[in-house]
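**Student:** As a plain string of letters, each chain reads:
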Amino acid sequence: MMKKTMLAALTMGLFTTLQAYGADTVKIALTGPFTGGSAPMGVSMRDGAKLAIDEINRAGGIQVGANKMKIEVIERDDEAKNERGALIAQELASMGDLAGVIGTVNTGVVLAGDKHFQEKGITKIITPAAGSASMTQWSKAGVKDLSIFRFSADDGIQAAMVVEEAINRKLKKVAIIHDSTNYGVSGRDDLLDQIKKQGNRLQVVATEKFNIGDKDMTAQLLKSKVAGAEGILIWGIGPELAAVSNGMAKLRMKVPLIGGWTLSMSNYIDNAGKNGNGTLMPQTFIEDPITPKAKSFIDSYHKAYGVTRIPSPMSAAQGYDAVYVFAAAVKQAKSTDTHKIKDALEDLREPVKGVIATWKQPYAKWDPANEQTHEAFRRNQVVMGMVQDGRVVFANKADRQRLMKAAGK
Amino acid sequence: MYTLLIIQLAVSGALMGMVYALIAYGFQLTFATSKSINFGQGELVMLSALFSLTLIDRGLPYWLVVPGGMLFGVVLGLFVERAGVRLALEQKSEGWILLTIILGLLGFSAAENIWGRDDRPFPTPISSDPLHFFGIDVTPLELSVAIGVVAVMGLVELFKRKTLLGKAFEAVSADRDAAQLMGISATRTIQLSYGLSGLVAAIAGILVAPITTVGPTMASVLILKAFSVAVVAGLDSGFGVVLIGLFLGALESLTSFYLGSGWREAPGLVLLILALAVRPNGVFGKASIRKV
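Note that the protein sequences, when read in sequence, are chains A and B.
With my numbering applied, the first sequence corresponds to residues 2 to 410, in that order.
With my numbering applied, the second sequence corresponds to residues 105 to 396, in that order.
Just to be clear, a hint being listed does not mean it is correct.
Stated by the list, open to error - Output of the computed footprint for chain A on chain B, the stretches with three or more beta carbons under 8 Å from beta carbons of chain A: (1) 114-122; (2) 224-238; (3) 305-317; (4) 320-329.
Just so you know, the hints here were simulated from the structure itself, not pulled from any lab data.
Glycine included, C-beta positions come from ideal geometry on N, C-alpha and C.
Bound-form chain A, shown alone:
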């Protein structure tokens, strides 16, 4: 008897504390690789997101119905490992009072973990993982109601831009080099797909791959060189991409290297050094204070984290904007209930002013026949970036002008 009452009292107590906790904060989990080869992206995303969260909290929090609620952050390091990602997703999904999840860098981790969120209907905004499979897995399965959103320029857009750039540069023969991970292989398929879509104007003379950790790319590069490649389209991550650039310098291959946005990772730029100059990649944000909003974001990032260069500027900007989009959905839903937030995200009425763009209705009701309903980025929010002396700059002056003009309106 005694035992039972105690147990009851304990459970009651637990309940009230949980409820009390749930009542005055909006719990958001930030997940991503904060250590390892993908860390520049994960850390920048997290720090950018926390910058936005700090700003919101300093202003009193999010207006949820009648009262203002502060954001509480839960951080989890998935180490870019699929199995860690799955465990973290299970843990977060079972929390019960989570408002939502923002993050994940690696497409493999998305594939391993997101099913746990979808099962419980927990709202997640994927950023900055770009692999196409992250969203197509749901359309292929014919899911009717989806709680997973993406806030990143998906590989489809990126591949289209890479192919476009190659055609604009009057290249005829190209080689495709990619890593052997989910990300690299699906990137290769996207590139081949886009080449076909854009009228088969590029001839793929070599398709080569490499493993994570490979440092000697001589064979892959020589094969491309012998086949007469006038440009190299590439899909991989930082350290190996740097090995490719260094290999190209060694073999005196002076052809353009164009690839996914990972070519802007600091561990590519640092390890490739001067051999990285001229490399081209799609970017959603460039660390160039062209608008007042961008300037204040860049300055406060530098100040808050004591750096002079953001390790991955676009991850940071996407993390920052994703938090504001999420917060807008919480406000509109007038609730911290993750299901209601999902509904609000699918029909976001008020435009959200972000550092990348002003987001008007970024998402729509999920349609399994069209993944774009849960993708925020369109082609015109993405620009071509180029590595120059250790930084990423606008590759085309016209893009810079266009963005400045758009912000001026």
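Using the hints, position chain B against chain A.
**Tutor:** Only chain B this time, still in chain A's reference frame:
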């Protein structure tokens, strides 16, 4: 043109193969005296490289960093001998296998906690601008690896042949019991061999770091290849490891060109299986005769 291509591939691969050879040589040194090897040798390579990088970050010039890193390698080698090998050998047990693996794992975790998991560039005064020899591109960096490897091995071999301490080393390698009867301390000699092995690992780390970048996982691929080279050449083959290292490196490069880059790792493994099946003592190994 086509022959040039093959030569370029072979040369690029072979230069990486020299690194396998140097690490394999580290295995040989300890095996010769004690019939034991340090399964954490890769971590020694990695820790020495990370330590050297820290010295560079502190502003030390490269020519001071190299001896600093080497000294660190020697200390690590001695530590492995004292903590992981000596007791096991005294008790004639095979405990050193597990102990050296554990020490390696410990070193790996320590590196992750001290230096983080990122791969970082290793600054070097040696240029990476390509040189042109008879139509083949080679960087001075790659050449420095080759020269360094040959120089280190040459010096160690000279030491073994020309100095009194070196002769003791050879004596213990030939017959531990007989050497002890002649008044040579086997324990000291084994200690020496582990110190030398640590030194070789450190040099391998410093030489290869500018090419591979530096991080906790930098040696995990290298060490497997080095082990293949050591076993295929024979654990008492001396300069045999260089030949096998060159061969394996070139073979890898050619395989990934002709069979496709996915097959790169295959030749090392096939070679290993073949060697174990046909010549268990290694291509250049001596069949040991043990009289009872």
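**Student:** Just pull the numbers of the violated hints for me, sorted ascending.
**Tutor:** none
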